[in-house]
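Fit chain R to the known structure of chain D by using the hints.
2 protein chains.
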Amino acid sequence: MTDYLALQKQRIDSFLDGYLLPETARPEIIHKAVRYSVFSGGKRFRASLCIAANDTFAGGTESIIPVAAGIELIHTYSLIHDDLPCMDNDDLRRGKPTSHKVFGENIAVLAGDALNALAFDLVSSAEDCRLVRILAHAIGTEGMIGGQVEDIASNGLDNLTEEDIRYIHTMKTAKLIQASLEMGAVHAGAALSRTDIIREFGARIGLAFQIVDDILDIESSDEVLGKDVGSDVENDKATYPKVCGLDRSKVFARAAIDEAHRFLAQLEEDTTMLGELADFVINRVN
Amino acid sequence: MTDYLALQKQRIDSFLDGYLLPETARPEIIHKAVRYSVFSGGKRFRASLCIAANDTFAGGTESIIPVAAGIELIHTYSLIHDDLPCMDNDDLRRGKPTSHKVFGENIAVLAGDALNALAFDLVSSAEDCRLVRILAHAIGTEGMIGGQVEDIASNGLDNLTEEDIRYIHTMKTAKLIQASLEMGAVHAGAALSRTDIIREFGARIGLAFQIVDDILDIESSDEVLGKDVGSDVENDKATYPKVCGLDRSKVFARAAIDEAHRFLAQLEEDTTMLGELADFVINRVN
Numbered sequence: 039m040t041d042y043l044a045l046q047k048q049r050i051d052s053f054l055d056g057y058l059l060p061e062t063a064r065p066e067i068i069h070k071a072v073r074y075s076v077f078s079g080g081k082r083f084r085a086s087l088c089i090a091a092n093d094t095f096a097g098g099t100e101s102i103i104p105v106a107a108g109i110e111l112i113h114t115y116s117l118i119h120d121d122l123p124c125m126d127n128d129d130l131r132r133g134k135p136t137s138h139k140v141f142g143e144n145i146a147v148l149a150g151d152a153l154n155a156l157a158f159d160l161v162s163s164a165e166d167c168r169l170v171r172i173l174a175h176a177i178g179t180e181g182m183i184g185g186q187v188e189d190i191a192s193n194g195l196d197n198l199t200e201e202d203i204r205y206i207h208t209m210k211t212a213k214l215i216q217a218s219l220e221m222g223a224v225h226a227g228a229a230l231s232r233t234d235i236i237r238e239f240g241a242r243i244g245l246a247f248q249i250v251d252d253i254l255d256i257e258s259s260d261e262v263l264g265k266d267v268g269s270d271v272e273n274d275k276a277t278y279p280k281v282c283g284l285d286r287s288k289v290f291a292r293a294a295i296d297e298a299h300r301f302l303a304q305l306e307e308d309t310t311m312l313g314e315l316a317d318f319v320i321n322r323v324n
Numbered sequence: 039m040t041d042y043l044a045l046q047k048q049r050i051d052s053f054l055d056g057y058l059l060p061e062t063a064r065p066e067i068i069h070k071a072v073r074y075s076v077f078s079g080g081k082r083f084r085a086s087l088c089i090a091a092n093d094t095f096a097g098g099t100e101s102i103i104p105v106a107a108g109i110e111l112i113h114t115y116s117l118i119h120d121d122l123p124c125m126d127n128d129d130l131r132r133g134k135p136t137s138h139k140v141f142g143e144n145i146a147v148l149a150g151d152a153l154n155a156l157a158f159d160l161v162s163s164a165e166d167c168r169l170v171r172i173l174a175h176a177i178g179t180e181g182m183i184g185g186q187v188e189d190i191a192s193n194g195l196d197n198l199t200e201e202d203i204r205y206i207h208t209m210k211t212a213k214l215i216q217a218s219l220e221m222g223a224v225h226a227g228a229a230l231s232r233t234d235i236i237r238e239f240g241a242r243i244g245l246a247f248q249i250v251d252d253i254l255d256i257e258s259s260d261e262v263l264g265k266d267v268g269s270d271v272e273n274d275k276a277t278y279p280k281v282c283g284l285d286r287s288k289v290f291a292r293a294a295i296d297e298a299h300r301f302l303a304q305l306e307e308d309t310t311m312l313g314e315l316a317d318f319v320i321n322r323v324n
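Chains as they are written, first to last, in the working numbering: chain D, 39 to 324; chain R, 39 to 324.
These are computed hints drawn from the structure, not numbers from a lab. Quick caveat, the model's predicted, so the values are computed rather than measured. The C-beta atom is built at its ideal place from N, Cα and C for all residues, glycine as well. Incorrect hints may appear among the rest.
[To be verified] Calculated cross-link-like contacts (lysine to aspartate or glutamate; reagent style EDC-like; alpha-carbon spacing at most 16 angstroms):
1. D:70 with R:180
2. R:70 with D:180
3. D:70 with D:143
4. D:280 with D:196
5. D:134 with D:261
6. R:288 with R:257
[Stated by the list, open to error] Partner residues aside, some chain D positions facing chain R, computed with beta carbon under 8 angstroms:
7. 148
8. 159
9. 165
10. 186
11. 191
[Said to hold, decoys possible] Partial chain D-side listing against chain R, Cβ under 10 angstroms, derived:
12. 112
13. 142
14. 149
15. 150
16. 154
17. 166
18. 176
With the rest of the complex left out, here is chain D (with noise of 0.2 angstroms):
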């Protein structure tokens, strides 16, 4: 992690401790298992995206701290529902049991449903409805869960294009990164104009994104990683490397990369912060 990400890491984890309920609140269960997932060592990276954005255009305002955190929320309850026995079945997620092996099934779904309304609950804080309405377009039909969807059918196809796959990519995760960013360039008050480069750049770090994941799947190790590594491969899942192979998965991450800094070479704003979390992306472990 570099220094910026830990940093912000740290500022939304207290912030959340301080937000969600203690363990012992009723129904204990829930809280726990809430408590669970949130605070499982996740990154941050999304937040931290739209914190550098916000940042990027108005100079640090700790009002986007709620509105980042709620990012989070939405990005932890979906990892819970991709785990679910019905969906991608995984008992491991950042070294720890899933939610549904500690809690039960039910409670998993639960925890899961409760973190998408705290996640609005949050985002509403800063009173600009335009941010409810990012946050749940990328999350919808159109975004997250279409992606999820997508990702799901394809499961063990062998005649995915490379178009089919940057497209499951793009809605699966590309949107929420895309989102984070755009939500802290709107709480910023950037100009349309800004916004839309801001939209630009993380369309095409979030691709990489994903892609990365795909990569670390099967060039990483379990302890590094967190899960099992080769499950995308023992699932039959469809990934950048089994449609494109491993190498030319590679270079279109680079490639996304490097397109992701053009666009931020456009603004005139002090971009280094984006700049580096993009350059996380690509050289990250896990």
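Relative to the frame of chain D, chain R by itself:
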């Protein structure tokens, strides 16, 4: 159904038909699943409460319709998830096979998730973040989801008190009904003192609604109810009749509606519609 309910149902259904993506939108299965559950014959009772509360204080504005429709999407999502095999494992809902029986468990989970997000998109259309927060709180771990957790945990228990069952029903059902009314009043710009009365009214009819649900599960027929009568007893669910007996359950429901009317009487506005909706709760047959 009363004439008023029938009219509001028409408005909400017509709005949602235009709002929701067509079944042919990619990915088709999720859009089919969303429409299947949304248009499965719901009475739109919660939406009607929201509209009636708004109209009581503001004399009718069209901008409440998307907000009220959003509440129905939340209600629909909660039913889809409640019916899942890992929850109540119900095969039938409103006389039709449940979502997971038709589309599979994974799509049913995702359809619920999608509706959850769409609901916030709709509620945000009123450009008032207070409405987003009222809804988010009502369906969170201190509301609907908390109630569902306690409901699951209390299956098969024989030592439930009247206080326990009142708590479960309040959380599981009354909170969302109360929020529907509150959102209407807030949207209409009602004074705080009047919104408080509406909240008290909502708590009473919400509780009565779930007690009547329990009673209908014993006294109705499969055809009228659209689901298997007696399933609560079969699954040893926590219900008012189980804890207090059938006769006292009817007394409690009646008393809650009478209390609700007394709160309405404190308002100077014309509360005819809200009063009719309260009576519908106790007179309904399905």
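Structure-based check of all given hints:
1. D:70 with R:180: At roughly 14 angstroms apart (the allowed maximum being 16 angstroms), residue 180 of chain R and residue 70 of chain D satisfy the hint.
2. R:70 with D:180: Distance of about 14 angstroms is within 16 angstroms: holds.
3. D:70 with D:143: Since the Cα atoms of residue 70 of chain D and residue 143 of chain D sit roughly 14 angstroms apart, the hinted pair holds (cutoff 16 angstroms).
4. D:280 with D:196: Holds. Residue 280 of chain D to residue 196 of chain D sits at ~9 angstroms (cutoff 16 angstroms).
5. D:134 with D:261: Holds, at roughly 11 angstroms.
6. R:288 with R:257: Holds, at about 12 angstroms.
7. 148: Because about 5 angstroms separates residue 148 of chain D from the closest Cβ in chain R, which is inside the 8 angstroms limit, the hint holds.
8. 159: Where the cut-off is 8 angstroms and the nearest Cβ of chain R is about 4 angstroms from residue 159 of chain D, the hint holds.
9. 165: Result: holds, 5 angstroms to nearest chain R Cβ.
10. 186: 6 angstroms, holds
11. 191: 7 angstroms, holds
12. 112: 9 angstroms, holds
13. 142: 7 angstroms, holds
14. 149: 9 angstroms, holds
15. 150: This hint holds: residue 150 of chain D lies near chain R, its Cβ roughly 7 angstroms from the closest one there, short of 10 angstroms.
16. 154: 5 angstroms, holds
17. 166: 7 angstroms, holds
18. 176: 9 angstroms, holds
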